[in-house]
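Asker: Chains as they are written, first to last, in this note's numbering: chain A, 1 to 280; chain B, 1 to 277; chain C, 1 to 265.
None of these hints come from the bench; they were simulated from the model.
Among these hints, one or two may not hold up.
The calculated SDA-like cross-link candidates involving lysine to any residue, where the alpha carbons are at most 20 Å apart (straight line), are [as the list claims (entries may be wrong)]:
no. : chain 1 : residue 1 : chain 2 : residue 2
1   : B       : Lys155    : B       : Gly112
2   : A       : Lys185    : B       : Asp197
3   : A       : Lys125    : C       : Asp128
4   : B       : Lys114    : A       : Gln190
5   : C       : Lys211    : C       : Asp128
6   : A       : Lys168    : C       : His190
Here are a few chain A residues that face chain C, going by a calculated C-beta distance under 10 Å [as the list claims (entries may be wrong)]:
no. : residue
7   : Ala37
8   : Tyr49
9   : Val115
10  : Pro122
11  : Leu142
12  : Gly238
Note that the coordinates shown come from a computational prediction; the quantities given were computed from them, not determined experimentally.
All C-beta atoms in this analysis are idealised placements derived from N, C-alpha and C, irrespective of residue type, glycine included.
Here is what each chain is made of, one letter per residue.
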Amino acid sequence: MGAQPVALELSPSAPATSSAGAVRAAWLRNWSPRWLALPFPLFLLLLWYVAAQFEWVAPQVLPSPQAVLLTFIDLVASGEMFDNLKISLLRVLIGFGVGVVGGLLLGVAMGLSPVFKDYVYPLFKAFSQVPVLGWLPLLMLLVGIDEALKIILISKAALVPIALNTFKGIENVPARYVEVARVLKFSRWQLLWRVIFPAALPPIWNGVRYGFTHAWLALVVVELLASSEGLGYMIVFGRQLFQLDVVMAAVVVVGAVGYVLDRVLARIEVILLGWRRSGF
Amino acid sequence: MSQAGTLDIQHLSKSYPVKNGDLSVLEDVTLTITPGEFVSIVGSSGCGKSTLLRLIVGLEEDYQGQVLLDGERIVGTSLRRGIVFQEHRLFPWLTVENNIQLGLLNADLTPGQKRLAVREHIALVGLQGFEKSYPHQLSGGMAQRVAIARALVSKPEILLLDEPFGALDALTRAYLQQELHRIWQAEGITMILVTHDVEEAIYLGDKVVVMEPRPGRIRRIVPVDLAHPRERAATAFAEVKQTVLKEFSGDSASLAEPPLRVEVADPEQIRQWRFAI
Amino acid sequence: MSFLHPEDKHPVPKVLRGWVLPLLLLALWWLAAHFHWSSSPLLVPVDKVWDTAVEQVRSGELWSALEASLRRDLIGFAIGVSGGLAFGIAFGLSRLFERMIGPTFHTLKQISLFAWIPLLSVWFGLGDAAKVAFLSLAAFFPVVLNTFEGIRSVPPELIEAARVLKFNRRQWLFKLILPAASPSILAGIHLALIYAWLATLGAEYLLVSGKGIGNTMIDGRELFLMDLVIFGVIVVGFVGFALNWLAARLERRLLAWRGRSVAQF
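Turn these sequences into a full structure, and let the hints steer you where they fit.
Answerer: Here it is, written out as C-alpha cells:
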C-alpha cells in the first residue's frame with residue numbers, strides 16, 4: 001500500500017511555458033480535496049430519487065430511496081434485522097472458526113512434514129480445484145439443508161485458502177533465517193516458534209483474510225439457496241414478494257457487516273505484523 | 001578476554017554434484033589459526049572462500065579432510081563458533097535487543113545475566129539508544145553491527161565473518177572496519193574474515209590468505225607485520241598490498257567472474273530443515 | 001548429525017505417495033457399495049458413476065451443458081475484464097477520477113458478490129442476461145483493484161527515468177505504466193477467472209432457467225441421482241483446474257522477464 005511520492009503525471013507533449021504556469025498545472029493535477037468523494041454518489045442518489053419519483057421503472061423494480069430507508073428503519077425497529085443478522089453472524093463465525101483451525105492444522109502439517117505433504121497435498125489440490133459452490137449439490141444430498149450444510153460449506157470456503165497460504169508460507173521461510181537458527185543452536189521447538197511461525201505469519205494472515213472473504217461469500221450463497229432465516233433469507237424472501245426495498249436494506253447490511261469484519265481482521269494484522277514496515 | 005581456540009584445518013576438500021559430474025569447490029586446504037589471531041581470506045568470486053567459512057561454522061557437511069578446534073573434530077554448528085553473514089539476517093519481527101538476545105537463547109545464564117550481556121554488547125558495538133528499534137528502522141551499517149553483537153554475545157572462541165561489509169557503502173565500510181578492529185582488540189577472540197577487498201584484508205588481518213578459484217585452493221599466505229593502528233596510505237601498507245595484488249595480476253582468469261551463476265545446490269537441499277517425520 | 005535432516009527412509013517412494021490416499025478412498029467407496037454397508041440410495045457404486053459419465057458424454061449432454069456454462073462464463077469474463085481494465089487504469093492515472101468515483105466503488109465492492117443476484121434478477125430477468133451481468137460483476141472487481149494497485153506501484157525511479165527520456169503521453173502509458181503494472185494486472189485477471197467460474201455455478205443455482213453444468217448438478221440433486229452429482233463435481237473440478245492452468249501458463253509466458261526470483265504461488 002505505497003503512496004507515490006511523485007504524483008503520477010502524464011507529461012504533456014510541450015513543456016509548460018512559464019514557471020508559474022507549471023506550478024499551477026502541478027497544483028491542479030494534485031488537487032483532490034476530501035469532499036470530491038461526494039458529488040458522484042449524490043448524483044446517483046439524485047438519479048435514483050428522480051427515477052423512482054417519475055416512475056421511469058415500475059416501483060417493484062426500483063423502489064424509491066425513501067421507501068428503502070423507511071423499510072430499513074422498520075426492520076431495525078421490529079428487531080427483524082437484528083434477529084437475522086445474529087443468525088448469519090453466528091453461522092459465519094462458527095464456520096470460519098472451523099475453517100481457520102482446520103486450515104492452520106493442515107497447512108502446518110504440510111509445511112513441516114514433507115512426508116505428510118507428499119501424501120496429502122495432491123488430494124488436497126484436487127479437492128481445491130472444485131470451487132466451494134461445486135460441492136453444494138453433493139452436500140445437500142448428503143446432509144440435507146440444515147445448519148450442517150451451511151457450516152460445512154462455510155468452513156470449506158475458509159479452509160482451502162488458509163491451508164494453502166499456511167503451507168506455502170511455511171515452505172517459503174527464507175533459508176537465511178533458518179541458518180541463523182542453526183548457528184545459534186536452536187532446538188526444534190525454538191526453531192518452530194521463534195523463526196518459522198513469525199516468518200510465515202504474513203502469508204498466513206493473508207490467507208486468513210482471504211478465507212474470511214470466501215467464508216462470507218459462501219454464507220450469503222447458502223442462505224440465498226437453502227435457508228429459512230438469516231440475511232440471505234431476507235434477501236430471497238423480499239425478492240419473492242417483489243419487496244425490493246427489503247432486499248436492498250438487507251444487501252446494505254450484508255455489505256456493511258462484511259466490511260466491518262474485514263476491517264477487524266485488518267486491524268489485527270496491524271497489531272500482529274506491526275514490525276513489518278518495509279519488506280523482509 | 002574470552003578464551004580463544006586454535007583452529008586446525010587439514011586437507012579440507014569439498015565438491016558439489018552438478019549436472020555433469022562433480023564441481024570441486026575446495027581442494028586440499030590446509031591452514032592453522034592460532035588463538036586470538038585475525039586472519040583475512042581474499043580471493044575472487046568462485047574461489048570457495050565462503051564455502052570454507054560455512055564448513056568451519058558447520059553449516060555445510062559432507063567434506064573430506066578435517067577441521068579441528070582445540071584438537072577436537074568439529075561436528076555441526078556450535079555456540080563456540082559464531083558467524084556474521086553478508087546480509088544482516090536479523091529477524092524483522094524482533095527489536096535490536098531481542099535479536100541480540102537470541103544469541104543467548106541456549107546459553108547457561110540467568111535472565112539477569114543475559115540482560116547484562118546484551119547491554120554490554122550493545123555498548124560494545126556502539127548502538128546505545130537503539131535497543132527498542134526494529135531492523136527496518138536501522139541503516140545497513142547499524143544492522144550489521146547488531147548482527148556482530150548477536151554473534152559475539154555468546155562469547156564464541158571463533159568469529160567468522162563472510163564479507164560482512166560487502167553490501168555497505170565505502171564510508172560506512174571504513175568506519176565499520178575500524179569498529180571491528182576495536183572490538184577484536186577488546187574481546188581478544190580469533191576472527192576469520194572473508195572479503196574481496198584487499199585493503200580491508202590487510203587493514204584488519206595478522207595474515208592474508210590468498211585463494212584462487214577453480215578449484216578453490218590456497219595460493220599464498222602473506223603475513224602482515226605492521227603495527228596497529230595501520231595507515232592505509234603508509235608505504236609499508238602499500239608494499240603488502242602490492243604483494244597481495246601480485247598474486248592476482250598476470251592471471252586475469254582468476255580475476256574474472258564466472259560467466260553464469262552455477263546452479264550448485266539442489267533446491268530441495270535448501271529446505272533441509274524440515275522435520276523428518 | 002545434521003540439523004533436522006529429512007531422511008527419506010520412508011517405505012513408500014516419493015512419487016507414489018500422492019496416490020495412496022485417493023486410491024484408499026476409492027477402495028473404501030467400492031467396498032461400501034459392493035457390500036451394501038448402507039442402504040441409502042445415495043451410496044452409488046463406483047461403476048455407476050462411470051456409466052453415467054459415459055452416457056453423459058455419448059448423449060452429448062455433457063458438451064451442451066459445458067458449452068452453455070463456459071460460453072456465459074467467457075462472455076461475462078470478457079465484459080468484466082474490459083470494464084475492469086478501463087476503470088482500473090482510469091483510477092490509476094487520474095487522481096481526480098479516483099477521488100470522485102473511488103469511494104463509491106469501494107463501498108459497492110464490500111457487498112458480497114452473490115447478494116447482487118436477486119437485484120440483478122429483477123432488473124435483468126431470470127435468463128442468460130442476468131447471469132452474464134452477474135459474471136461480469138464477479139470479474140470486474142478483482143481486475144479493477146489489481147490494475148489500480150499495479151499502476152499505483154510503478155516504481156517512482158522508473159517514472160523519473162521516463163521523464164528524463166521525455167516520453168509522450170502514449171509512450172508513457174504503453175511503454176512504461178502498463179508493462180510495469182502487468183504482473184498485478186495479470187494477477188487480477190487470474191483472480192477474475194476464478195471468481196467468474198465460481199459465479200457461473202452460483203448463477204446457475206440461483207437463476208435456475210436454462211442449461212449448464214451447475215444446472216446438471218441441481219437436477220441430479222433434485223432427483224437424488226448421486227452419480228450425476230458426483231460426475232458434475234468431477235467435471236467442475238476439471239474445468240477449474242484447466243482454467244487455472246491456462247491462466248498460470250499465460251502469466252508465466254507474459255511475465256517471463258521477471259525471472260525466477262519471485263516466489264511461486
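Asker: Take the hints in turn and mark each one as holding or not.
Answerer: These are the hints, each one checked on the structure:
Restraint check for B:Lys155 and B:Gly112: the C-alpha separation of about 17 Å stays at or below 20 Å, so the hint holds. Of the supplied pair hints, the one linking A:Lys185 and B:Asp197 is violated, its CA atoms being roughly 31 Å apart against a limit of 20 Å. As the CA atoms of A:Lys125 and C:Asp128 are separated by approximately 32 Å, the hinted pair breaks the 20 Å bound. At most 20 Å may separate the alpha-carbon atoms for a hinted pair to count; B:Lys114 and A:Gln190 meet this at roughly 17 Å.
For the proposed pair C:Lys211 and C:Asp128, the alpha carbon gap of about 10 Å is at most 20 Å, so the pair holds. Distance check on the hinted pair: A:Lys168 and C:His190 sit about 19 Å apart at the alpha-carbon level, within 20 Å; holds. A least Cβ separation of about 4 Å between A:Ala37 and chain C falls short of the 10 Å threshold, and the interface hint therefore holds. Restraint check, A:Tyr49 versus chain C: the minimum CB separation of about 16 Å is more than 10 Å; hint violated.
Residue-level restraint check for A:Val115 holds (minimum Cβ-Cβ distance to chain C is 5 Å; threshold 10 Å). Interface hint at A:Pro122: satisfied, since its Cβ lies 3 Å from the closest Cβ of chain C, which is below the 10 Å cut-off. Look at A:Leu142: its Cβ gets to within about 7 Å of chain C, closer than 10 Å, so that hint holds up. Interface restraint check: A:Gly238 against chain C, minimum CB-CB distance 7 Å, threshold 10 Å, status holds.
Checked against the numbered hints above, the structure breaks hints 2, 3 and 8 and satisfies the rest.
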